[in-house]
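J.: These protein sequence lines map, in sequence, to chains H and W.
Read in the working numbering, the first sequence has 64 at position 64, and its numbers run on one by one without any break.
Read in the working numbering, the second sequence has 46 at position 46, and its numbers run on one by one without any break.
Derived by calculation from the structure, the hints in this document are not laboratory data.
Hints are not guaranteed to be accurate.
Stated by the list, open to error - Take a look, some chain H residues computed to stay more than 12 Å from chain W by CB distance:
#, residue
1, Glu39
2, Glu57
3, Leu142
4, Asp174
What the hints assert, rightly or not - If you anchor each label on the Cβ, the simulated ranges turn out as follows:
#, chain 1, residue 1, chain 2, residue 2, range
5, W, His56, H, Glu30, 15 to 25 Å
6, H, Glu30, W, Arg53, 21 to 31 Å
7, W, Arg53, H, His50, 45 to 55 Å
8, W, Asp123, H, Phe134, 41 to 51 Å
9, H, His50, W, Glu14, 56 to 66 Å
10, W, Arg12, H, Pro179, 51 to 61 Å
11, H, Arg173, W, Ser196, 17 to 27 Å
12, W, Gly141, H, Ser33, 42 to 52 Å
The beta carbon of each residue, even a glycine, is placed where N, CA and C say it ideally should be.
There are 2 protein chains.
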Amino acid sequence: MSTRIRLSPEARREQLLDLGVQMLATRSVEELSIELLAEEAGISRGLMYHYFRSKHEFHTAVVRRAADEVIRVTAPRDEGGPLERLAGSLEAYVDYVAANYAGYTSLVRGAASGDDAMRQIYDETRAALTDRIFDTAGPTGLAEFGVTDTPAVRLLVRGWSAMTEDVVMAWVRDPRGVPKQELLMLLAAALPAVLSAT
Amino acid sequence: MSTRIRLSPEARREQLLDLGVQMLATRSVEELSIELLAEEAGISRGLMYHYFRSKHEFHTAVVRRAADEVIRVTAPRDEGGPLERLAGSLEAYVDYVAANYAGYTSLVRGAASGDDAMRQIYDETRAALTDRIFDTAGPTGLAEFGVTDTPAVRLLVRGWSAMTEDVVMAWVRDPRGVPKQELLMLLAAALPAVLSAT
Numbered sequence: 001m002s003t004r005i006r007l008s009p010e011a012r013r014e015q016l017l018d019l020g021v022q023m024l025a026t027r028s029v030e031e032l033s034i035e036l037l038a039e040e041a042g043i044s045r046g047l048m049y050h051y052f053r054s055k056h057e058f059h060t061a062v063v064r065r066a067a068d069e070v071i072r073v074t075a076p077r078d079e080g081g082p083l084e085r086l087a088g089s090l091e092a093y094v095d096y097v098a099a100n101y102a103g104y105t106s107l108v109r110g111a112a113s114g115d116d117a118m119r120q121i122y123d124e125t126r127a128a129l130t131d132r133i134f135d136t137a138g139p140t141g142l143a144e145f146g147v148t149d150t151p152a153v154r155l156l157v158r159g160w161s162a163m164t165e166d167v168v169m170a171w172v173r174d175p176r177g178v179p180k181q182e183l184l185m186l187l188a189a190a191l192p193a194v195l196s197a198t
Numbered sequence: 001m002s003t004r005i006r007l008s009p010e011a012r013r014e015q016l017l018d019l020g021v022q023m024l025a026t027r028s029v030e031e032l033s034i035e036l037l038a039e040e041a042g043i044s045r046g047l048m049y050h051y052f053r054s055k056h057e058f059h060t061a062v063v064r065r066a067a068d069e070v071i072r073v074t075a076p077r078d079e080g081g082p083l084e085r086l087a088g089s090l091e092a093y094v095d096y097v098a099a100n101y102a103g104y105t106s107l108v109r110g111a112a113s114g115d116d117a118m119r120q121i122y123d124e125t126r127a128a129l130t131d132r133i134f135d136t137a138g139p140t141g142l143a144e145f146g147v148t149d150t151p152a153v154r155l156l157v158r159g160w161s162a163m164t165e166d167v168v169m170a171w172v173r174d175p176r177g178v179p180k181q182e183l184l185m186l187l188a189a190a191l192p193a194v195l196s197a198t
């Protein structure tokens, strides 16, 4: 008789997804196969299809969980001034991208390449991250920067988010000459700077 | 005897590329087939392979020509203040993206999706556009904005370029609430605003 704790199928699936997210740190989504995860989890390939109907469902579920993790780890804390809180949130984002570069860049690429499910996850994640800026009750709310919610402000916050993603990926590839603290300060300061033109 | 002017193979190839670029205005790169261009040019599919060895060579050549056109039309003019000249260059970019939305977005997607040739053209085009900002002798040179060339400034100019691309594509999809002149002013002002944090 096995002494292993019996997990419900739901709990087992969650465990497999967690393992998939871990494996995504050093692999692209395309490199993460059902075979590889089965091997790592010590179960058969056939059993994997008990938890995920297809490779596409598996990839989508792993990427959705990774995206939820990005949103969770970058949640701003309720302390300090607005720029300080924004810099704190950015630091968690930079650390996440640095620790999960292969998987993160493959998510960005996947979204761009026209896979509808990947694009939807990417768009929802970007929206969740930028919506914080518009959540005036929240700790990095827009009101803190002295602007109101207009179509022009929406465009610029969206643009700042695209800038942040591009700059952070470039910095992780080559951080020479820019200490992390300077990067965080520059990106945090860029948001009110960009908005000041409105 | 035909009265049509006989073109050299080189001139004929150039003509076909121009036609391809025109067709790219309302089509993605994937939708632009050798068959479609042959039909539009009134020549046989077989003759097309006389000018282009493969579908990939054809696509790469058309996209490279379209990218050269973006660089050409956005060349800043040598008149007015730095912000005015930047806004002029941005206006040409916005007009180009608006008039060629299908092809332009497919270039951006193609670069992200991991096609090496497309990525190279995209990277070279982005580099050509941002290098202008560093060309201190040129009409939108960095010296005009009172900063010097450092790794942090390189990152931020790169980020401003990513922001501009994202914001312009979003604005072309939905321009409601933001007149074009306001958009140009906001994006032009964002560059010195972002750089002022360094």
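J.: Now tell me if each hint is right for this structure.
T.: To see whether the hints hold, each was checked on the structure:
Even its closest Cβ contact with chain W, about 25 Å, leaves Glu39 (chain H) beyond 12 Å, as expected for a residue assigned away from the interface. Separation of Glu57 (chain H) from chain W is adequate, the least Cβ-Cβ distance of about 21 Å exceeding the 12 Å criterion. Consistency note on Leu142 (chain H): stated as away from chain W, and its beta-carbon is indeed over 12 Å from all of that chain's, at 16 Å minimum. A cut-off of 12 Å between C-beta atoms contradicts the statement that Asp174 (chain H) is not in contact with chain W; the least separation is 9 Å.
For His56 (chain W) and Glu30 (chain H), the hinted distance range of 15 to 25 Å is satisfied, since their beta carbons lie about 20 Å from each other. Roughly 28 Å separates the CB atoms of Glu30 (chain H) and Arg53 (chain W), a value that falls within the hinted 21 to 31 Å. Against the hinted window of 45 to 55 Å, the Cβ-Cβ separation of Arg53 (chain W) and His50 (chain H) comes to about 48 Å, which satisfies the hint. For Asp123 (chain W) and Phe134 (chain H), the Cβ-Cβ distance of about 33 Å falls outside the hinted range of 41 to 51 Å, so the restraint is violated.
Between His50 (chain H) and Glu14 (chain W), the C-beta spacing of about 58 Å keeps the proposed range 56 to 66 Å intact. Between Arg12 (chain W) and Pro179 (chain H), the C-beta spacing of about 56 Å keeps the proposed range 51 to 61 Å intact. The hinted range of 17 to 27 Å is satisfied by Arg173 (chain H) and Ser196 (chain W), whose Cβ atoms lie roughly 26 Å apart. Under the hint 42 to 52 Å, the C-beta atoms of Gly141 (chain W) and Ser33 (chain H), about 50 Å apart, fit the expected range.
In the structure shown, a violation is registered for the earlier hints numbered 4, 8, in ascending order.
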